[in-house]
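Number of protein chains: 2
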Amino acid sequence: MTTRIYENTYFYIDKEDATIPWVKIFAQKPYKELSDCDEQTKKAMLDAMQIVEKVMLDYYHPDKINIAMFGNYVPHLHIHVMARFKEDSHFPESMWGIKQRDSKLKLASFDSFVLQLCQKLSQTN
Amino acid sequence: MTTRIYENTYFYIDKEDATIPWVKIFAQKPYKELSDCDEQTKKAMLDAMQIVEKVMLDYYHPDKINIAMFGNYVPHLHIHVMARFKEDSHFPESMWGIKQRDSKLKLASFDSFVLQLCQKLSQTN
Chain A
1 MTTRIYENTY
11 FYIDKEDATI
21 PWVKIFAQKP
31 YKELSDCDEQ
41 TKKAMLDAMQ
51 IVEKVMLDYY
61 HPDKINIAMF
71 GNYVPHLHIH
81 VMARFKEDSH
91 FPESMWGIKQ
101 RDSKLKLASF
111 DSFVLQLCQK
121 LSQTN
Chain B
1 MTTRIYENTY
11 FYIDKEDATI
21 PWVKIFAQKP
31 YKELSDCDEQ
41 TKKAMLDAMQ
51 IVEKVMLDYY
61 HPDKINIAMF
71 GNYVPHLHIH
81 VMARFKEDSH
91 FPESMWGIKQ
101 RDSKLKLASF
111 DSFVLQLCQK
121 LSQTN
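Just so you know, the protein sequences line up as chains A and B, in that order.
Everything in the first sequence is counted per my numbering, starting at 1 for the first residue and increasing by one.
Everything in the second sequence is counted per my numbering, starting at 1 for the first residue and increasing by one.
Be aware that a few hints might be false.
As a list, the in silico PhoX-like pairs of lysine-lysine whose alpha-carbon atoms are at most 25 Å apart [as the list claims (entries may be wrong)]:
#1 A:Lys-24 / B:Lys-32
#2 B:Lys-104 / A:Lys-43
#3 B:Lys-54 / A:Lys-24
#4 A:Lys-32 / B:Lys-86
#5 B:Lys-42 / A:Lys-54
#6 B:Lys-32 / A:Lys-42
In short, the hints are calculated from the structure, not lab data.
Extracted from the complex, chain A is given alone in its bound form (with noise of 0.2 Å):
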């Protein structure tokens, strides 16, 4: 089941489902690559990647931001936000390596992370 976080003209953002905090930025048209994109939806989609890093990082105070645009299974422009902690599952390792250990993170409300998201993606547009 996909949950949608938030939706404009240019992209729409879905909650991966991961024992961390992972957003994808997906552009609403069928892009491949960044350079395909139509100008506007490149810089709409780059400024959601930097606010959604900038809330990620007053909201769960985390080790390291992770960002990926890989698209190998789904070419489909989108991009990974994710916030690392040291103890996650995966860290220092990128969330498609090794799995390091069984994650044990008591994190603060996603909810309210979504919310906290929304105003600030809203006051942007």
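Let chain A serve as the given structure and place chain B on it in line with the hints.
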């Protein structure tokens, strides 16, 4: 051994020693997250990321570009930009995932790619 392929006031670009075309754009200053950057560095790095992507697409015609900002091991802001091919060692997994096969890629000259990349980067700055 690190191969430096480009440098300016805001960032430098190193070649990753890999079986695919793979470069890393590092901030000159020891920023940890994209949010920590001054505006000029942030713009310069995100512009460079897009130029690297575009030149890789035009030069190598890969099946997909992969971009990542992790920095869990090295908390010094850097952007990985990779040209991915269906027959590369890890596709469709990320380069941090499980190896799928031995790579038998026959790639065009990396030196010529660097030449084209540096021309584009110099035109932009």
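Cross-check of the supplied hints:
{"no.": "1", "hint": "A:Lys-24 / B:Lys-32", "result": "22 Å, holds"}
{"no.": "2", "hint": "B:Lys-104 / A:Lys-43", "result": "37 Å, violated"}
{"no.": "3", "hint": "B:Lys-54 / A:Lys-24", "result": "23 Å, holds"}
{"no.": "4", "hint": "A:Lys-32 / B:Lys-86", "result": "15 Å, holds"}
{"no.": "5", "hint": "B:Lys-42 / A:Lys-54", "result": "14 Å, holds"}
{"no.": "6", "hint": "B:Lys-32 / A:Lys-42", "result": "24 Å, holds"}
This entry does not satisfy hint 2, going by the numbered hints stated previously; all others are met.
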